[in-house]
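Residue numbers (my numbering), protein chains in the order written: chain A, 1 to 247; chain B, 1 to 303.
Keep in mind that the hints were calculated from the coordinates and are not lab data. Accuracy of the hints is not assured; some may be wrong.
Stated by the list, open to error - Going by beta-carbon spacing under 8 Å, a handful of chain A positions derived as facing chain B:
hint : residue
1    : 36
2    : 53
3    : 136
Said to hold, decoys possible - Just a few of them, taken from the derived set where beta-carbon distance is under 8 Å, the chain A residues facing chain B:
hint : residue
4    : 31
5    : 33
6    : 37
7    : 74
8    : 137
9    : 140
10   : 143
11   : 223
12   : 238
Here the structure is a predicted model, which is why all the values come from computation and not from measurement. Backbone N, C-alpha and C define an ideal beta-carbon position, used for all residues, glycine too.
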Amino acid sequence: MIARLLLLLLALLPVSAPAQEAPLVASISESDVEITTGFTGASVMIFGATEAPIGPGGDEILVVVRGPTRPLVVRRKVRALGILWVNGPSARFPRVPGYYAIAGTRPAWQLLPEEERQRNGLGLDALPLESTGARSPRFRAALLELETASGRWLENAASVEIEGSRLFHVEFPLPATVPTGDYRVEVLLVRSRQIAARQELQFRVDRVGIADRIATVAQAEPLIYGIACVVLAATAGWLGSIVFRRG
Amino acid sequence: MQVYLPIAEMSVDALLLVGIGFGVGWLSGLFGVGGGFLLTPLLILIGIPSPVAVASGANQTLGASVSGLIAQWRRGNVDAKMGAVLLVGGFLGSGAGVQLFGLLRRIGQVDLAVSLFYVVVLGTVGALMVMESVRAILRRGKGGHRNRLHEHFWMHGLPLKMRFRKSRLYISVIPPALVGFGVGMLSAIMGVGGGFMLVPAMIYLLGMPTSVVIGTSLFQVVFVAANVTLLQATQLGTVDLLLTLLLLLGGVAGAQFGAAMGTRLRGEETRALLGLLVLAVAGSLLWGLLRTPENLFSSRPAL
């Protein structure tokens, strides 16, 4: 698939590049990721080409994918009564990206000045995560650790591959727990420690089929959904007793 | 075969769920209880978020108990009048329980509360069952004297007396309604039908004859579990239908095999085994509370 996409890009390149003199052209392998009942994760590929050769001293590429945000609470367990472990202090993060992945031809901190990197939120430690509640920075660190362990936050886990010095592509894995919604992709062209060009792309993650119908009905019509659950479970139990009745 | 659970928002091995359903169904058929007390902790163990495990566990218990209820009803082993009194208490109790569950979820103590309830309730019930059945087994060996139908104590002086023909009882409606309320509340919090608490309560507290106890408890369990499912679905939105149906797929098959095997075991031995099983679950959950967690931090979607 990679080869085909690159060929397609090569075919496009001579037309688009000289006309606008675009320093960067990028695209995405799919605009819709579908969560079916058998969904175990997927991946998206971002690919493109630059006007000037990519490599040390020349152009460098950074790709960031950000999923929809949601509020999260991080809790710390403490000892109660000397023996039991219970949830203690908590910090509330109102806007946590449900997915965040960054990859580059080199790590972002090598490519950009620190200020610039922080301002653009490039890298897990540069994510803007305000919080209320417990003040300790350990809650933020724990959130980073938990999200990274779940595979929803990736930093330099995938790498930007270069072919023919001007074509690049990178593949990001989406684990089975990715949230649904709109995803924003930013492709940055870095030249002499400055962002020289950027292109925004997007894709959607959606539930389809039975999984989608169940979730939609459960959310929109909770009463009908509840009744359906009761009736279906009772019917399943009754049918089972007929099918498996012995003698 | 991986399957994506739409409400739990995660992907789980379908065969594992069917297998868990079968195992729990087999045990529940063997012992004549719904098996929710085993199911919910198992679901939490494989990583299902506890609110979803509790709500879907209640839904599964409903399905698993329906077939048992039909069978008992045909044999005339259901005291519908007693069941109705238990149910009034059960509905009120499960309503209160779902509210309490929502509150616990807001303050972030669901896991603790669910575990604590399990440890305390299962520990008590399990210990009582083991003690009682061991005593019964020993007495059987000695060929001792026959007890009265049931003991009389302060409870029998309460007002609002009613005659329960099938149970051969003439008692106040307050104790059964209270028993129903307590069990209803626990079933909302623990995601169980409550059969394992109801059966001993009916035998030892209310003095009902064993023949109608299982049928009547199933009667109460079916309706309380239906109520819990409805309340959890409408108020918390945590019932995962796909999860329930996969569990039931294995569960109903297992229950029939278990029931067939159960008829070959004697009452006291069955009760002793069930008691030990209940104690084992309580013990493992207690260990989970006492042991130092691997990661002190946990994250949850905020409400």
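Hint validation: residue 140 of chain A versus chain B, beta carbon distance must be below 8 Å. Holds or violated? violated (10 Å)
The hint names residue 143 of chain A as touching chain B; please verify it with the least Cβ-Cβ distance against 8 Å. holds (6 Å)
Residue 31 of chain A as chain B interface residue, shortest Cβ-Cβ below 8 Å: violated (21 Å)
Given a cut of 8 Å on the nearest C-beta pair, is the interface hint for residue 37 of chain A held or broken against chain B? The hint holds - residue 37 of chain A has a Cβ within 8 Å of chain B, the shortest such distance being about 6 Å.
Hinted contact residue 74 of chain A with chain B - closest CB pair below 8 Å: Holds. Min distance 5 Å.
Residue 238 of chain A was flagged as interface toward chain B. Is the shortest Cβ-Cβ separation under 8 Å? holds (5 Å)
Residue 53 of chain A as chain B interface residue, shortest Cβ-Cβ below 8 Å: violated (42 Å)
Would you check whether residue 136 of chain A satisfies its interface hint, that is, whether its CB is within less than 8 Å of any CB in chain B? violated (11 Å)
Interface hint status, residue 33 of chain A versus chain B (Cβ within 8 Å): violated (13 Å)
Grab the minimum C-beta distance from residue 223 of chain A to chain B and call the hint holds if it beats 8 Å, violated otherwise. With Cβ-Cβ at 5 Å, under 8 Å, it holds.
Do the numbers back the hint for residue 36 of chain A, that is, is its least Cβ distance to chain B under 8 Å? With Cβ-Cβ at 7 Å, under 8 Å, it holds.
Return the status of the interface hint for residue 137 of chain A: holds when the least beta-carbon distance to chain B is below 8 Å, violated otherwise. At 12 Å from the nearest chain B Cβ, residue 137 of chain A fails the 8 Å test, so the hint is violated.
Comparing the model with each numbered hint stated earlier shows that hints 2, 3, 4, 5, 8, 9 do not hold.
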